[in-house]
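Visitor: Sequence:
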Amino acid sequence: MGITTITGPNTETTVRTAELALLTELVQAARDGRPAIAEVTGDPGAGKTRLLTALAKEARGHGLAVLHGRCSEAEAQVPFHPLVQALTIWQGAATEKGAVAAATAALVDALTDVPPGAEQSVWRSPFFAGVRRLLTAGPAASPGGVLLVLDDFHWADPGSARLVETLIRWPVDRGLMVVVAHRPRQAPVALRAVLQQGGELGAVETIALGALPAHRCAEVLGLSADAPELPRLYAHSAGNPLYLTALAEAGSLTGDALDLWTSSSLGARLLAETALLADVPRRVAHASAVLGSVFDIDAVAEVAETSRDEACRALSELRRRDLVRSTAQPGVLVFRHPLLRGCLYADADACWRSGAHRRARDRFARLGLPALDIVPHIERAGSGIRPEDAEVLAAAARACVQAGRAAEAAHWLTSALRLSRRTGDGRSACPAGTGLWKQVVRALAAEGDTERIVALRADVLAGPDGRTPELRARTVAFLAAVLAALGHDEEAQALLAAELPAAQAASAGAGLLLRVHQQLGKVLAGHVPARTDVEVLVHGTDGADPVTMGGALGLAGLCAVLDGDMCAAEMSLDAAAQALDEVDSGRQAGDQEAGHLLVLSWAEALMGWYGPAYGHAERALTAVRARGDAHFLPPLLDTLGYVHYQSGRLADALGAVQEGSAAARAMGRGDHVALSEAITAAAWAQLGRTSPRPATTRPLGRAPEPRTPLNALLLAEAALAAGEAGTALELLLPEREAWRVSEPVAVFAARNYELLAAAVVQTEADADTLDAWAERAAEAASAVGLVEQSGHALLARGHALMGRELTAEAARCYEEAQRLFGDSSPAGARARELARSAVRLTTRRDSSGLDELTLREREVADLAGEGLKTKDIAGRLRVSPRTVDVHLTHIYSKLGVNSRAALVRLMALAG
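Start counting the sequence shown at 1012; every next residue gets the next number (the numbering used here).
Hints may be right or wrong, so weigh each one.
[As the list claims (entries may be wrong)] Cross-link-like lysine-lysine pairs, in silico, DSBU-like; alpha carbons within 30 Å at most:
hint : residue 1 : residue 2
1    : Lys1905   : Lys1882
2    : Lys1533   : Lys1449
3    : Lys1880   : Lys1905
Think of the hints as simulated: they come from the structure by calculation, not from any bench.
Take the sequences, apply the hints, and build the full model.
Guide: Structure, rendered in structure tokens:
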């Protein structure tokens, strides 16, 4: 037994092309009458048999007769079994008659007359000399030469090994090629020594089959070299073709779930190596498989319920068969490959296996091993599981959280919760308490693993935190907030809707908490709650705790801001801030409080109240970082990034959105990534640089995120700062259906119209168009009554006045806008530059100011004065149109003009 040949439709092919080429050269030598001996070595499954099959095909193609014999453990004591097998098969198919046939028959008789167990005195030199003569006169005398293949020769009987030694020492003088294939770890020392000596004498060509390179593994599986599954298969198979094929057939199954009896046709091939094991070695092999891929002798003895000496002898037998191997650490062994361990694990009796896991659990617990070493045995201990095992499972979950293995942590947490529920009395504390399951949920959220959070939900709610209405409501609120923050609002709303009736019936506070989180979840998922629903909610908060009251008021304020009802927004946001600030006693904000502070800070940022917005967002962020609430990071960091940008703290803005974008990508929140990128582009543009490309591109097949009004405004500001007025217009005036931007919300309307006016100035639109945008900006600013929006209306009015060359009046508008914005904000900086440009133009009406232009700018100005378009100027100067637009932006600023038409007039006056 012990055959591990890979069979299938392509058995006669091999990817061992270099080795096949070398053996083929030896075949050609045998065809020409020169004897040759080759040794092919390799671990089980390395491809020895497949290589020999391909060689036999090549040999037949060259006209050689092929004799093939295979050894097996069952016939290891039958004298000359592989040679008799090969000769007998060849006799039946050969066409040679006469002397060749007679010599072959005599050779078979000579080899079969030796009884099994004969004394060593039989193996004397005259006997082998006679066998050699018969071999030379028989098969080796065939026309074209002979290839003798002896496979699995590590199981060869002593006589066959001595015959090979004879042929090495005294080669036949005919075209005989002998190929001996064996596993070096299982071959007898005497055989290895003979072959090694033959190699040193130049009589034996040794070909060792090591691990296949990755591209050869791809050929074995019929995959392309860049197939995504190839690296995993290559790493787990270690380049062994047998294991590679088994893993590919098994798919995603790994570890103890990998039952090769059913998932792969090769499982029986691996277990064939254990077919002749006695009872004790087999039990020891099963115990070793229960312990894992690495194990020690003492543990095997205890799990197998045998003595250490008996276990040691059994492991020596397994090591001789190359089922297990020694390590550098004394007494510690490993399986040859995890696949072999998986086969042996599945081969063990299921009931015995459960008992073995219980014994392993008890031993590891007694030795004080880490929880992660014990829990696999607890999980498989069957009916022998104990209440105290829940503590070990919980410890394993904690260790996985700390190691960043969230999915594994969720697995052990689920086991701990279920075990506590099954073995607890309902009164004792659960090892997997609130702190632990929240840690696991947070870790899953950081990876965007919604599926496991949903799967964990039922077990969490069935535990201690779901026993009373108040505890259950807080648990549901937390889980719903996490799901919504991951963008799964439907899951969150379904959970809240299912729990709400029971919560309202049990407690008014619990019901109100869930109703507030229904609206909060919509905001976290990127939606806007219905204002009427939120107002009804606010009216029902009498007597509520300050956090819940503040949360409801913050939601009402946000809805009012987005509706353009600034009076209602100001009242609600002031009341929300007062309620939430009352509970700020220097302690860390709680789970619910952080979500409400997020909503409040964003609403305050939309109002232009950047100081309070920064304070509330920072307070929430401090708590979120301390607890590891990664699901709140993207919206909080986007809020802070926007506040920093609007306040002129550009470096802080870039730092915040860079971190937020990374967290959003991990969670799959493309909407937050898009806002982060828009803030990044605007901030870099204000710094006079182009935004670098995002580190990670969006996944293939995912639709691009729609550009929200705020994103469009920020990207348009970046485009205008870079002199790309056309790009700004495309962003603000939707002409392409795929990127349609809705009408600006009231709080952004004046800013939107002002940017349109600024873009129109640079694209030479008529004064009437500028007036129209300026009027709409004024109306929008008046409707909301916000200082920041009034500043944008003044900027738009200034653009319109510049379009009519009323520079003095425009300068006064820009200066007033600057006063409203302040000096630090990007809008204030832009107003300041525009005011300076308008003042320069006013004071230099009698001077063209062309002396301030560089040589290249003067060339561009001259050509523009002649009426040439940007494309024509670019062609004349041999530069890109983008470069021409940048020069024109600088020219407009230096000359105090704001359109191509004004530049043409100025150049005409300058002569």
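Visitor: Now tell me, hint by hint, if it's right for this structure.
Guide: Structure-based check of all given hints:
no., hint, result
1, Lys1905 x Lys1882, "holds, 22 Å"
2, Lys1533 x Lys1449, "holds, 21 Å"
3, Lys1880 x Lys1905, "holds, 20 Å"
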